[in-house]
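Build out the structure end to end from the sequences listed, making use of the hints.
Using the numbering used here, read the sequence shown as starting at 7 and increasing by one per residue.
Everything labelled a hint here was simulated from the structure, so no lab data went into it. Heads up, some of the hints might be wrong.
Said to hold, decoys possible - Computed list of lysine-lysine pairs in DSSO-like fashion (alpha-carbon distance at most 27 Å, straight line):
{"#": "1", "residue 1": "Lys90", "residue 2": "Lys52"}
{"#": "2", "residue 1": "Lys52", "residue 2": "Lys113"}
{"#": "3", "residue 1": "Lys113", "residue 2": "Lys90"}
{"#": "4", "residue 1": "Lys52", "residue 2": "Lys78"}
Predicted model, so just to flag it, every value in this text is computed and none were measured.
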Amino acid sequence: MASLIGGYHGSSGNTAMITQPLPSTSCSNEKSFLDCFAEHSGQLVKTESPNIVCTVLPPHWRCNKTLPIAFKVFSFGDVPDGAKVSLLAGNDENYCAELRNSTAVMKDRIARFNDLRFVGRSGRGKMLCLTITVATHPPQVATYSRAIKVTVDGPREPRRHRRPEPSAFEQIAAVAAAANTREMAE
Numbered sequence: 007m008a009s010l011i012g013g014y015h016g017s018s019g020n021t022a023m024i025t026q027p028l029p030s031t032s033c034s035n036e037k038s039f040l041d042c043f044a045e046h047s048g049q050l051v052k053t054e055s056p057n058i059v060c061t062v063l064p065p066h067w068r069c070n071k072t073l074p075i076a077f078k079v080f081s082f083g084d085v086p087d088g089a090k091v092s093l094l095a096g097n098d099e100n101y102c103a104e105l106r107n108s109t110a111v112m113k114d115r116i117a118r119f120n121d122l123r124f125v126g127r128s129g130r131g132k133m134l135c136l137t138i139t140v141a142t143h144p145p146q147v148a149t150y151s152r153a154i155k156v157t158v159d160g161p162r163e164p165r166r167h168r169r170p171e172p173s174a175f176e177q178i179a180a181v182a183a184a185a186n187t188r189e190m191a192e
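Written out as structure tokens, the structure reads:
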């Protein structure tokens, strides 16, 4: 059975499409697992691990603010129910950004992070990389590169580059030039 799951990663502008066939699940609740994928089509992104996908994070977010939707991690591999899933975030400037509510438990191969908060900031113009660790034997580690930009004030309108106010000297020069032009016209 082949399934197509599309994901858009807004920060890098790349579309990550998952086109490989879904492995058959040994889970007794296979129908609900596949229904969940259908429910999230267009909202999933590949990680650097072939067995793990996750929901897309917003490209830019405010620190210590709850995400608009719950972050979910999906596993294609053999992961038992109750396996602990933990998240770490960092980049070259902030190697271990602080996260709140960054652990969840796998249930039917889905880990749901209800109130995930990025407390640590990514830095000016920088993105955080998210590391997903599933506590199995051996552990499964996945990386979601350029996952999210976290700043103090969050996304905002770009600054308008207006022309600076002319100085007093420039104003006097403009009035004198206008007067000179009028005199020449008469």
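How the hints compare with the structure:
1. Lys90 / Lys52: holds (20 Å)
2. Lys52 / Lys113: Roughly 20 Å separates the two Cα atoms, so the pair holds.
3. Lys113 / Lys90: holds (10 Å)
4. Lys52 / Lys78: With a Cα-Cα distance of about 12 Å, the restraint between lysine 52 and lysine 78 holds, given a limit of 27 Å.
Checked against the numbered hints above, the structure breaks none of them.
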